[in-house]
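2 protein chains.
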Amino acid sequence: MANYQKLNVTGDERVELHDKIGLTGAEISVNFLPAGAAVPFVHAHKQNEEVYIVLEGKGRMVIDGESVGLSANDYLRVSPAAKRQLFADSGAGIRYICIQTKAGSLEGYTSEDGIIG
Amino acid sequence: MANYQKLNVTGDERVELHDKIGLTGAEISVNFLPAGAAVPFVHAHKQNEEVYIVLEGKGRMVIDGESVGLSANDYLRVSPAAKRQLFADSGAGIRYICIQTKAGSLEGYTSEDGIIG
Chain B
7 MANYQKLNVT GDERVELHDK IGLTGAEISV NFLPAGAAVP FVHAHKQNEE VYIVLEGKGR
67 MVIDGESVGL SANDYLRVSP AAKRQLFADS GAGIRYICIQ TKAGSLEGYT SEDGIIG
Chain V
7 MANYQKLNVT GDERVELHDK IGLTGAEISV NFLPAGAAVP FVHAHKQNEE VYIVLEGKGR
67 MVIDGESVGL SANDYLRVSP AAKRQLFADS GAGIRYICIQ TKAGSLEGYT SEDGIIG
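Going down the list, the protein sequences come from chains B and V. Quick note on numbering: my numbering labels position 25 of the first sequence as 31, and the sequence is numbered without any gaps. Quick note on numbering: my numbering labels position 59 of the second sequence as 65, and the sequence is numbered without any gaps.
Among these hints, one or two may not hold up.
In this list, chains with the same sequence are indistinguishable; a pair is considered to hold if it fits within one copy or across any two.
[Stated by the list, open to error] Capping the alpha-carbon separation at 20 Å, the derived lysine to aspartate or glutamate pairs in EDC-like fashion look like this:
1) Lys64 to Glu113
2) Lys89 to Glu118
3) Lys52 to Asp95
4) Lys89 to Asp119
5) Lys12 to Glu113
6) Lys89 to Asp70
7) Lys64 to Glu118
8) Lys26 to Glu118
9) Lys12 to Glu72
10) Lys12 to Asp25
11) Lys12 to Asp95
12) Lys12 to Asp70
13) Lys64 to Asp18
14) Lys52 to Asp119
It is worth saying that the hints were derived from the structure and are not from the lab.
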């Protein structure tokens, strides 16, 4: 596999990056929900942790029945088993990144995993 | 562990999210390099794949001696063994997210791993 792959992502259509940039440790999607819209189902995961990163706009995630407000620059981790549903605000859409990784898969990181030089 | 954790990240100081939001499948950092600055070392990884997401600004990553331009909305995967160094543009800083995951750790994802309802 190439030592790197890059993609520029703009526009409102959902983009799934796994195959496009050759990911092997995560799936990363870039998403937009217009004002008043919702992901049309509640979902959970078998083994994947999710992180939602809000790029622009406002919304809320209902997680196991609790409503959690979301706005730009929020970083939200959701455990695999939690039942979640995302809603855009009635007055503002929400642009966000969703990262899926296998829960518990990370071993060393940063200085433990890095090699300088 | 709580079924979710959330943090709002603004400002120019580097923020490492692993411990702050209880990540177990990734380390995610939010970073800013001012105009003309560079990460002061070349590095690679033992086993972690990295994804760099450019939020704002411009720069370039030198990867195994090749210069790769970076601008807002770029999503860049870098293989563990690749030697990399990030530079901000001389006229513009660069704000970016860096995601580390263990290469090869992702199993099923999206519809394979998701549970509807």
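Intra- versus inter-subunit Cα pairing at 20 Å for Lys89 with Glu118:
between (33 Å within a copy, 16 Å between copies)
At most 20 Å between alpha carbons: which applies to Lys12 and Asp25, within, between, both or neither?
Classified as within; 12 Å inside a copy, 28 Å across copies.
Using 20 Å as the alpha-carbon threshold, which applies to Lys52 and Asp119: within, between, both, or neither?
between (27 Å within a copy, 5 Å between copies)
From the Cα coordinates, with 20 Å as the cut-off, is the pair Lys12 and Glu113 best called within, between, both, or neither?
Neither: 25 Å inside a copy, 22 Å across copies.
I want to check one pair: Lys12 and Asp95. Are their C-alpha atoms no more than 20 Å apart within a copy, between two copies, both, or neither?
between (31 Å within a copy, 18 Å between copies)
Can you tell me if Lys64 and Glu113 fall within 20 Å by alpha carbon in one copy, between copies, both or neither?
Neither way: Lys64 and Glu113 sit 33 Å apart in one copy and 31 Å across, limit 20 Å.
Indicate which option fits the pair Lys89, Asp70 if close means a Cα-Cα distance not exceeding 20 Å: within, between, both or neither.
Answer is within; shortest intra-copy Cα gap is 5 Å, inter-copy 43 Å.
Taking 20 Å as the upper bound on the Cα-Cα distance, should Lys12 and Asp70 be classified as within, between, both, or neither?
Only across copies: Lys12 and Asp70 sit 15 Å apart there, 36 Å inside one copy, limit 20 Å.
Can you tell me if Lys89 and Asp119 fall within 20 Å by alpha carbon in one copy, between copies, both or neither?
Between. Shortest inter-copy distance 13 Å satisfies the 20 Å Cα cut-off; intra-copy 33 Å does not.
Are the CA atoms of Lys52 and Asp95 at most 20 Å apart within a copy, between copies, both, or neither?
Intra 28 Å, inter 42 Å, cutoff 20 Å: neither.
For Lys64 vs Asp18, is the C-alpha pair at or below 20 Å within one copy, between two copies, both, or neither?
Classified as within: same-chain Cα gap 15 Å, cross-chain 22 Å, threshold 20 Å.
Please sort Lys26 with Glu118 into within, between, both or neither, judging by C-alpha distance up to 20 Å.
Between copies, since 18 Å is at most 20 Å while 29 Å is not.
Comparing the model with each earlier hint shows violations of hints 1, 3, 5, 7; every other hint is respected.
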